[in-house]
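J.: Heads up: the protein sequence lines correspond to chains B and G, in order. For the first sequence, the working numbering begins at 730 and goes up steadily by one. For the second sequence, the working numbering begins at 180 and goes up steadily by one.
Calculated from the structure, these hints are not laboratory results. Heads up, some of the hints might be wrong.
As the list claims (entries may be wrong) - Sample of chain G residues lacking proximity to chain B, with all beta carbon distances greater than 12 angstroms (derived):
1) V183
2) I199
3) N206
4) K237
5) S253
6) D258
7) T266
8) Q277
9) V289
What the hints assert, rightly or not - Calculated pairs, DSS-like style, for lysine-lysine (alpha carbon to alpha carbon, straight line, at most 27 angstroms):
10) G:K221 x B:K749
11) G:K184 x G:K221
12) G:K194 x G:K250
13) G:K247 x G:K221
14) B:K743 x G:K221
15) G:K250 x B:K770
16) B:K770 x B:K743
17) G:K237 x G:K221
18) G:K237 x G:K247
19) B:K784 x B:K749
20) B:K793 x G:K236
21) B:K770 x G:K221
22) B:K795 x B:K749
23) B:K795 x B:K743
24) B:K770 x G:K184
25) G:K250 x B:K795
26) B:K784 x G:K237
27) G:K236 x G:K194
28) G:K236 x G:K247
29) G:K247 x G:K194
30) B:K743 x B:K793
31) G:K250 x G:K236
32) G:K184 x G:K250
33) G:K236 x G:K221
From the three backbone atoms N, C-alpha and C, an ideal C-beta is built for every residue, glycine too.
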Amino acid sequence: GAVVSQHPSWVICKSGTSVKIECRSLDFQATTMFWYRQFPKQSLMLMATSNEGSKATYEQGVEKDKFLINHASLTLSTLTVTSAHPEDSSFYICSARDWGGSTDTQYFGPGTRLTVL
Amino acid sequence: QQQVKQSPQSLIVQKGGISIINCAYENTAFDYFPWYQQFPGKGPALLIAIRPDVSEKKEGRFTISFNKSAKQFSLHIMDSQPGDSATYFCAASHNYGQNFVFGPGTRLSVLP
């Protein structure tokens, strides 16, 4: 299957700082990427849909000013958690839509564990 | 209508046994049903997926059974191995690779 990478795999930051997480599709171009949040032993919660060259679409209840998403190229989307607080600590996972030929599905990155002190 | 229900919440199976996880949905517009496997601390990995024009799809030890009239689909893992121990998520979408709705997950433990 297609490969999606995330960087960093884990990050610890102080409250009030901003953290940027990168998501890359390594062997395919992704016009659409997705950002999910996952709490321990829970399912994936979609935060936003990122489309290359346009503004992201945020799910209800997700603060767009707090979770800044940029999809500047067909292989890279970034999520910036601004002014992070301990309640933002979570596992953030991106996925990329592989849409070509007979394929149309999402491939997930390995996730980023964010801990805000 | 956007919800996908999944059962059981947890499952314990002996090595060599069959693991069965069930999902149900309400939205008849859903047209794509993937299953993902997730190990602790890792991202979900696509296992197998099905579209509603077929009733069954098999890939190795993994089989999806799909019942369109009942709006249910299930994952069968044959000859379950300890390495299969993970959390499994079903999902559904009404635009193939877009707008996934995930089930709550099933934690599978395969005993050696």
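J.: Determine for every hint whether it applies to the structure shown.
T.: Hints versus structure:
no. : hint            : result
1   : V183            : 9 angstroms, violated
2   : I199            : 19 angstroms, holds
3   : N206            : 16 angstroms, holds
4   : K237            : 17 angstroms, holds
5   : S253            : 18 angstroms, holds
6   : D258            : 22 angstroms, holds
7   : T266            : 8 angstroms, violated
8   : Q277            : 7 angstroms, violated
9   : V289            : 18 angstroms, holds
10  : G:K221 x B:K749 : 19 angstroms, holds
11  : G:K184 x G:K221 : 23 angstroms, holds
12  : G:K194 x G:K250 : 30 angstroms, violated
13  : G:K247 x G:K221 : 32 angstroms, violated
14  : B:K743 x G:K221 : 24 angstroms, holds
15  : G:K250 x B:K770 : 26 angstroms, holds
16  : B:K770 x B:K743 : 25 angstroms, holds
17  : G:K237 x G:K221 : 25 angstroms, holds
18  : G:K237 x G:K247 : 17 angstroms, holds
19  : B:K784 x B:K749 : 17 angstroms, holds
20  : B:K793 x G:K236 : 40 angstroms, violated
21  : B:K770 x G:K221 : 13 angstroms, holds
22  : B:K795 x B:K749 : 12 angstroms, holds
23  : B:K795 x B:K743 : 16 angstroms, holds
24  : B:K770 x G:K184 : 16 angstroms, holds
25  : G:K250 x B:K795 : 38 angstroms, violated
26  : B:K784 x G:K237 : 39 angstroms, violated
27  : G:K236 x G:K194 : 23 angstroms, holds
28  : G:K236 x G:K247 : 14 angstroms, holds
29  : G:K247 x G:K194 : 31 angstroms, violated
30  : B:K743 x B:K793 : 21 angstroms, holds
31  : G:K250 x G:K236 : 16 angstroms, holds
32  : G:K184 x G:K250 : 11 angstroms, holds
33  : G:K236 x G:K221 : 26 angstroms, holds
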